[in-house]
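Participant: Given chain A, work out where chain B should sit, using these hints.
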Amino acid sequence: GQSLEQPSEVTAVEGAIVQINCTYQTSGFYGLSWYQQHDGGAPTFLSYNGLDGLEETGRFSSFLSRSDSYGYLLLQELQMKDSASYFCAVPTGRRALTFGSGTRLQVQP
Amino acid sequence: EAEVAQSPRYKITEKSQAVAFWCDPISGHATLYWYRQILGQGPELLVQFQDESVVDDSQLPKDRFSAERLKGVDSTLKIQPAELGDSAMYLCASSQVRVHEQFFGPGTRLTVL
Chain A
1 GQSLEQPSEV TAVEGAIVQI NCTYQTSGFY GLSWYQQHDG GAPTFLSYNG LDGLEETGRF
61 SSFLSRSDSY GYLLLQELQM KDSASYFCAV PTGRRALTFG SGTRLQVQP
Chain B
1 EAEVAQSPRY KITEKSQAVA FWCDPISGHA TLYWYRQILG QGPELLVQFQ DESVVDDSQL
61 PKDRFSAERL KGVDSTLKIQ PAELGDSAMY LCASSQVRVH EQFFGPGTRL TVL
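Line by line, the protein sequences are chains A and B. Residue numbers for the first sequence follow my numbering, beginning at 1 and rising by one. Residue numbers for the second sequence follow my numbering, beginning at 1 and rising by one.
The shape of chain A in the complex, shown without the other chains (with noise of 0.2 Å):
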């Protein structure tokens, strides 16, 4: 099976970077997404590590730790737009989604 840990909560304040954190248990790995969902929207692909390391997609990074299990969603020069909930996501071997709980990020003034 597949499980992944994300916090609930976060608060930064406009201009600001976060870092969003993922740990995930896979029964076998297939590379992690993020996704970005505004209450009341869909979620929409922000980012996929498929190897370790840091890919970046302008104001938005994501990295990936194997050994460690480990991932995070890093956004930087904070909008009040990027106000939304973050779902970390592993692909099963049979293709769909698995995705963690969501990160819900508030952007302050």
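Hints were generated in silico from the structure; no laboratory data involved. None of these values were measured; they are calculated from a predicted model. Take these hints with a grain of salt, some might be off.
What the hints assert, rightly or not - Distance ranges between label pairs, derived from CB positions:
| no. | chain 1 | residue 1 | chain 2 | residue 2 | range |
| --- | --- | --- | --- | --- | --- |
| 1 | A | SER67 | B | SER7 | 42 to 50 Å |
| 2 | B | SER7 | A | SER8 | 27 to 35 Å |
| 3 | B | PRO81 | A | GLN79 | 43 to 51 Å |
| 4 | A | SER27 | B | VAL54 | 35 to 43 Å |
| 5 | A | GLY15 | B | GLU3 | 40 to 48 Å |
| 6 | B | LYS15 | A | PRO109 | 42 to 50 Å |
| 7 | B | VAL54 | A | SER69 | 26 to 34 Å |
| 8 | B | VAL54 | A | LEU51 | 27 to 35 Å |
| 9 | B | GLY85 | A | GLY93 | 24 to 32 Å |
| 10 | A | PHE29 | B | GLU52 | 23 to 31 Å |
Each residue gets a CB set at the ideal place from its N, CA and C atoms; glycine is no exception.
Facilitator: What follows is chain B alone, placed relative to chain A:
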């Protein structure tokens, strides 16, 4: 930009009634997923299709839920009879080759009274 379409967006029903949700994936996406998301939790897979075939329905409560994708394009998820505990957001997603990148529709918010 291509999107996953779902309808209805909202559905209110009474327990023991039947409900149905529809999903039209992005054109060309062979894999279609139905997820259920309870408020404050992550989405959980109900059923996965590859073209018209079911790949995984191990988490689908088959005594009351059914899903089909007859022509390998759009899909319908049905609940009969609905129970109070079925109140949730039902999300449809599709993917192509990049399985870690799934495209989600806007969802159907179901409320069972």
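Participant: Check the following: the C-beta atoms of B:LYS15 and A:PRO109 are separated by a distance inside 42 to 50 Å.
Facilitator: Because 44 Å falls inside the window, the suggested range holds.
Participant: Holds or violated: the 26 to 34 Å window for the beta-carbon distance between B:VAL54 and A:SER69?
Facilitator: Holds, at about 30 Å.
Participant: State, for the Cβ atoms of B:GLY85 and A:GLY93, whether the hinted interval 24 to 32 Å holds or is violated.
Facilitator: Hint holds: Cβ distance 29 Å, inside 24 to 32 Å.
Participant: A range of 35 to 43 Å was offered for this pair. Does it hold for the Cβ distance of A:SER27 and B:VAL54?
Facilitator: 21 Å, violated
Participant: Just to be sure I understand the hint, the distance between the Cβ atoms of B:VAL54 and A:LEU51 should be within 27 to 35 Å; is that true here?
Facilitator: Since the Cβ atoms of B:VAL54 and A:LEU51 sit about 32 Å apart, the hinted range of 27 to 35 Å holds.
Participant: Could you say whether the range 27 to 35 Å given as a hint is met by the Cβ separation of B:SER7 and A:SER8?
Facilitator: 32 Å, holds
Participant: Does the Cβ-Cβ separation between A:GLY15 and B:GLU3 fall within 40 to 48 Å?
Facilitator: The hint (40 to 48 Å, Cβ to Cβ) is violated, given that A:GLY15 and B:GLU3 are roughly 32 Å apart.
Participant: Do A:PHE29 and B:GLU52 keep their Cβ atoms within the hinted range of 23 to 31 Å?
Facilitator: 30 Å, holds
Participant: With 42 to 50 Å as the target window, see if A:SER67 and B:SER7 comply at their CB atoms.
Facilitator: 45 Å, holds
Participant: In this structure, is the beta-carbon distance linking B:PRO81 and A:GLN79 contained in 43 to 51 Å?
Facilitator: 45 Å, holds
Violation of the numbered hints given earlier is confined to hints 4 and 5; the remaining hints are satisfied by the structure.
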